[in-house]
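Student: Listed here are the chains, written in short residue letters.
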Amino acid sequence: MRSYRLLLHLYPASFRHEYGEEMAAILARRLADASNPVARAIVGIAAAVETIGNAALVHLDLLRQDLRYIVRTLRRSPGFAAMAVAIVALGIGATTAAFSVTDFVLIRPLPYREPERLVQLWETTPGYSGMELSAPNFRDWIAASRSFESAGVSHSEALTIVTGGEPHRFQGAAISAGVLPTLGVTPLLGRAFTEADDTAGAAGTVMLGYRLWQTEFGGDPAVIGRRIDGQMDIEADTFTIVGVMPRDFHYPTASADFWVTTRFRPDDYVPLERSNNWLDGIARLRPGVTVDQAHAEAQVIMARLREQYPKENKDTGARVVSMREDLSARSVMLLEALSAAAACVLLIACMNLANLLLARGLERRRELAVRTAIGAGRERVVRQLLTESLVLAGVGGAIGIALAIAAVPLLSQLVPQTLPIAASPSIDGRVIGVALLLTLVTGVAFGMAPILRSGAGRDLAALRDGARAGGGRREHLRSALVLGEIAASVVLLVSAGLLIRALLAIQGTNPGFDVDHVLTMRVELPIPEYAPVPMRQAFYDRVLQQVRALPGVRAAGFISYLPISRFRGGIWPVKVKGDTEAAGDVRGANNVAALRFVTPGYFAALRIPLLRGRDIDDGDTRQRPFVAVVSESFAKRYWPGEDPIGRHFDFAFEDRTVVGVVGDVKFRGLERQSEPQAYLSAPQVKDNWITGYAPRALAIRVSGAPLGLAPEVRAVVHGAAPKVAITEVQTLADMVDLDTASRSTQVRVLGAFAAIAFVLAAVGIHGLLSFAVSQRTQEIGVRMALGAQPRDVVRMIVAGAIRLGVMGLVLGIALAYVAARSMEALLAGVKPHDFEAFGAAVALTAVMLIVGTLVPTVRALRIDPISAIRCD
Amino acid sequence: MFHVLVALADEDRHGYAIIQDVAERTGGQIRLSAGTLYRTIQRMLEEGLIVEPRERPAPEDDDERRRYYRITALGTSLAKAEARRLAELVKMARARGIAPERA
Numbered sequence: 001m002r003s004y005r006l007l008l009h010l011y012p013a014s015f016r017h018e019y020g021e022e023m024a025a026i027l028a029r030r031l032a033d034a035s036n037p038v039a040r041a042i043v044g045i046a047a048a049v050e051t052i053g054n055a056a057l058v059h060l061d062l063l064r065q066d067l068r069y070i071v072r073t074l075r076r077s078p079g080f081a082a083m084a085v086a087i088v089a090l091g092i093g094a095t096t097a098a099f100s101v102t103d104f105v106l107i108r109p110l111p112y113r114e115p116e117r118l119v120q121l122w123e124t125t126p127g128y129s130g131m132e133l134s135a136p137n138f139r140d141w142i143a144a145s146r147s148f149e150s151a152g153v154s155h156s157e158a159l160t161i162v163t164g165g166e167p168h169r170f171q172g173a174a175i176s177a178g179v180l181p182t183l184g185v186t187p188l189l190g191r192a193f194t195e196a197d198d199t200a201g202a203a204g205t206v207m208l209g210y211r212l213w214q215t216e217f218g219g220d221p222a223v224i225g226r227r228i229d230g231q232m233d234i235e236a237d238t239f240t241i242v243g244v245m246p247r248d249f250h251y252p253t254a255s256a257d258f259w260v261t262t263r264f265r266p267d268d269y270v271p272l273e274r275s276n277n278w279l280d281g282i283a284r285l286r287p288g289v290t291v292d293q294a295h296a297e298a299q300v301i302m303a304r305l306r307e308q309y310p311k312e313n314k315d316t317g318a319r320v321v322s323m324r325e326d327l328s329a330r331s332v333m334l335l336e337a338l339s340a341a342a343a344c345v346l347l348i349a350c351m352n353l354a355n356l357l358l359a360r361g362l363e364r365r366r367e368l369a370v371r372t373a374i375g376a377g378r379e380r381v382v383r384q385l386l387t388e389s390l391v392l393a394g395v396g397g398a399i400g401i402a403l404a405i406a407a408v409p410l411l412s413q414l415v416p417q418t419l420p421i422a423a424s425p426s427i428d429g430r431v432i433g434v435a436l437l438l439t440l441v442t443g444v445a446f447g448m449a450p451i452l453r454s455g456a457g458r459d460l461a462a463l464r465d466g467a468r469a470g471g472g473r474r475e476h477l478r479s480a481l482v483l484g485e486i487a488a489s490v491v492l493l494v495s496a497g498l499l500i501r502a503l504l505a506i507q508g509t510n511p512g513f514d515v516d517h518v519l520t521m522r523v524e525l526p527i528p529e530y531a532p533v534p535m536r537q538a539f540y541d542r543v544l545q546q547v548r549a550l551p552g553v554r555a556a557g558f559i560s561y562l563p564i565s566r567f568r569g570g571i572w573p574v575k576v577k578g579d580t581e582a583a584g585d586v587r588g589a590n591n592v593a594a595l596r597f598v599t600p601g602y603f604a605a606l607r608i609p610l611l612r613g614r615d616i617d618d619g620d621t622r623q624r625p626f627v628a629v630v631s632e633s634f635a636k637r638y639w640p641g642e643d644p645i646g647r648h649f650d651f652a653f654e655d656r657t658v659v660g661v662v663g664d665v666k667f668r669g670l671e672r673q674s675e676p677q678a679y680l681s682a683p684q685v686k687d688n689w690i691t692g693y694a695p696r697a698l699a700i701r702v703s704g705a706p707l708g709l710a711p712e713v714r715a716v717v718h719g720a721a722p723k724v725a726i727t728e729v730q731t732l733a734d735m736v737d738l739d740t741a742s743r744s745t746q747v748r749v750l751g752a753f754a755a756i757a758f759v760l761a762a763v764g765i766h767g768l769l770s771f772a773v774s775q776r777t778q779e780i781g782v783r784m785a786l787g788a789q790p791r792d793v794v795r796m797i798v799a800g801a802i803r804l805g806v807m808g809l810v811l812g813i814a815l816a817y818v819a820a821r822s823m824e825a826l827l828a829g830v831k832p833h834d835f836e837a838f839g840a841a842v843a844l845t846a847v848m849l850i851v852g853t854l855v856p857t858v859r860a861l862r863i864d865p866i867s868a869i870r871c872d
Numbered sequence: 873m874f875h876v877l878v879a880l881a882d883e884d885r886h887g888y889a890i891i892q893d894v895a896e897r898t899g900g901q902i903r904l905s906a907g908t909l910y911r912t913i914q915r916m917l918e919e920g921l922i923v924e925p926r927e928r929p930a931p932e933d934d935d936e937r938r939r940y941y942r943i944t945a946l947g948t949s950l951a952k953a954e955a956r957r958l959a960e961l962v963k964m965a966r967a968r969g970i971a972p973e974r975a
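Residue numbers (the numbering used here), protein chains in the order written: chain A, 1 to 872; chain B, 873 to 975.
Hints listed in this document are in silico derivations from the structure and should not be mistaken for laboratory results.
Be aware that one or more of the hints could be misleading.
Some, not all, of what chain A presents toward chain B, calculated at C-beta under 10 Å [unchecked claim]:
no., residue
1, His9
2, Tyr11
3, Phe15
4, Ala25
5, Ile26
6, Arg30
7, Thr51
8, Val58
9, Asp61
If you want a taste of the chain B side facing chain A, the calculated C-beta under 8 Å gives, among others [unchecked claim]:
no., residue
10, Tyr888
11, Gly907
12, Tyr910
13, Arg911
14, Thr912
15, Leu950
16, Ala951
17, Lys952
Using N, Cα and C, we set each Cβ at its ideal position, and we do this for glycine too.
Sequences are here, hints too, so could you generate the full structure?
Tutor: Below is the structure:
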């Protein structure tokens with residue numbers, strides 16, 4: 001019997017109070033009627049079973065009833081309902097969107113077998129902690145190591161294949177045979193690479209990415225075994241398709257569409273190669289080995305390699321990082337800032353919602369008191385209020401999730417390109433689960449606030465109180481909430497302001513060239529066909545001559561790699577007689593320059609200013625002395641205060657004479673320090689040497705819209721070399737913009753968050769004051785009747801708002817400064833106490849106060865003293 | 873719900889009496905559980921099909937703990953309408969020879 005009474009607690013309390021006794025009595029009679037213990041047991045069990053089922057049904061009945069009631073009451077106050085839903089939608093939308101990216105990049109395990117055992121391998125030099133590996137150092141490291149189960153290296157590779165009669169170029173990677181086993185990934189079709197595929201002289205093999213398989217091979221399973229002719233960066237070969245990778249496999253980055261083998265040759269392992277750092281290394285830790293142990297072991301191994309090769313491995317160290325954590329500090333900070341901002345928006349939304357519900361709770365105090373008085377138990381009232389806030393939160397949450405899904409394409413700009421994951425996050429069950437949880441918490445927490453406050457049930461005083469009931473403590477709580485909203489929105493406004501200032505500062509940076517009116521493209525001259533210099537020279541001469549003859553073309557030239565394009569490396573050691581630092585073949589911190597080969601016309605095409613001497617010209621052929629045009633910082637570094645023209649230096653295997661000095665170019669990007677630059681004449685290199693630097697990027701300065709000229713230029717190039725792939729056709733301005741794309745996205749996202757916060761805070765102030773005015777209508781009426789002037793009424797309303805505003809502002813500015821300090825690295829030199837950003841935030845807060853105060857003040861002034869006094 | 877209305881058609885009854893009445897009339901085929909009964913009662917109260925009368929039955933039958941229920945005019949007309957509907961259904965079935973002839 002006692003257990004039955006306990007079971008009755010499954011029913012809603014109102015139902016239990018109403019019928020519990022009777023139900024217990026009925027069970028008692030049945031038990032008494034039962035003839036023997038077995039029958040009694042059956043009666044007892046049956047009662048227990050039906051109680052559980054029935055209790056659920058009774059709860060559903062109540063829910064249905066509450067929902068009907070809520071729909072009815074909300075229909076009576078659609079403004080409140082719309083407002084609450086909108087607030088939740090904004091809060092949940094912002095948080096979900098931010099979480100989807102943060103989770104995707106920072107939290108979620110990588111899509112590989114036991115990803116926690118995967119590590120990234122790096123070499124280090126002083127001042128650079130993440131340098132790629134050299135082939136011989138990797139080989140020796142892995143051979144000596146006992147920490148790794150398997151390991152592999154990769155480097156990016158491009159493949160031009162002819163499909164549909166046109167050459168197309170795809171990005172991919174050359175991977176060693178160890179990479180796929182290390183990741184623990186198997187192909188969707190066919191087989192993975194074997195060691196035999198990855199040895200010098202092996203026949204070419206290729207694995208297709210899912211996307212390439214679908215787009216170029218129609219998803220045909222019979223593709224395995226097919227042979228394709230392909231042109232890679234510096235060699236052509238025939239590749240047998242051995243496998244197709246699954247759709248969600250992205251390695252080393254999302255842009256990889258195919259994989260070939262590395263097929264290192266013996267000359268890739270000569271000692272000089274130890275300072276050629278170009279390979280991405282990964283490894284799988286043996287079970288039980290920690291990242292720290294592997295890292296410590298690497299120090300010992302690398303110390304030995306330094307002893308063995310003191311020249312090539314000078315100052316070289318090694319580093320082992322968990323693959324999950326191998327992200328730039330900036331990427332992490334960017335996402336942390338985003339998450340913090342989203343949390344801020346959610347917090348503001350929640351405070352706003354709580355305020356809204358509190359106000360509504362006060363308005364409905366009489367209604368609730370009446371309902372309690374006529375017999376609705378406290379539990380029923382609480383339950384109903386909670387259901388109401390859950391319904392509002394649920395609808396808002398659903399809209400918020402839809403908003404987040406709509407925002408994903410924008411947010412994908414925030415995904416760093418260096419991780420082996422898809423390029424864009426997806427809103428999946430996991431993200432939606434978190435969003436629903438947040439919605440639930442929001443609904444419960446802020447449904448509870450007014451319930452706890454209203455003290456529904458015991459509060460018969462409310463009946464007597466009449467409409468004057470405002471409640472001092474409640475006002476304080478509501479004011480505190482609005483204060484919090486103002487402070488949080490100030491933080492967001494300042495942060496957004498600082499990032500906008502940073503973006504403007506970066507976009508205002510002079511890259512060293514004129515980005516406007518320049519058409520660029522890459523002409524993927526195949527090697528070995530174009531390995532001999534005269535072959536290339538004939539191509540350049542013909543193309544440039546015809547392009548310059550096109551209408552609207554002002555200048556045109558080729559270069560190895562355009563500044564701020566995808567490849568920003570190519571840093572070589574400089575040797576200058578009499579300079580002790582710049583004496584060897586090994587790169588140091590202070591003896592390097594960016595190597596670029598150019599044709600005549602390149603500097604004019606980009607409007608890089610010629611400061612001294614002359615440009616490279618058609619006379620700088622292989623038969624003439626090898627010349628160089630150097631950047632201003634290059635000249636200052638080696639010949640400070642002297643005339644650099646006519647000086648010699650050793651660079652890229654030859655002695656070069658300086659014939660000109662040009663302005664420095666920020667080829668590494670607007671936000672980064674760039675090394676000095678040395679430009680060499682295109683033909684002044686040995687046949688088949690460093691063909692990766694053969695000028696392939698074409699820059700054309702035009703008088704009109706650059707892209708309009710693209711078809712004609714294509715025709716010219718294909719006229720000179722029919723089978724050459726043309727890629728990356730874009731304006732120079734677009735290419736440079738891409739450099740700040742993640743930053744402008746970040747500014748847009750944070751700006752949107754700040755705007756939401758701004759509106760919500762204004763709504764909060766408005767709500768607080770409107771409510772105060774409606775609560776104090778009578779008081780205001782009495783004061784006016786006693787002779788108070790409109791001025792006094794305005795002062796009464798506005799004084800409170802100003803007090804809140806000032807307090808919120810002070811708190812917000814303090815917090816904003818702390819936030820700004822912690823994200824100083826993102827600010828590109830803008831100071832965390834930047835006056836403009838703070839000033840703008842203060843001004844906007846003033847606007848927010850005025851907007852929020854306006855309507856309630858006007859309403860207070862319209863109060864008619866007579867009817868106000870009479871109304872209760 | 874129909875069974876409860878029928879049980880209350882002739883007199884006010886309390887919960888256990890309704891269960892007993894239904895069981896008697898159906899020859900023990902339908903034995904309402906307490907939970908089902910009171911859930912039904914609650915809904916019927918909300919829908920105004922039954923009420924809890926203020927006056928208690930004769931003191932000798934009264935049990936302080938018990939709550940009695942009375943059918944309302946609405947409840948009566950609903951019960952009648954349902955009975956008519958069921959009768960129509962039986963008539964239709966009988967016309968096709970798939971229901972027993974009237975005894």
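Student: Hint by hint, which ones does the structure fall short of?
Tutor: 1, 14, 15, 16 and 17
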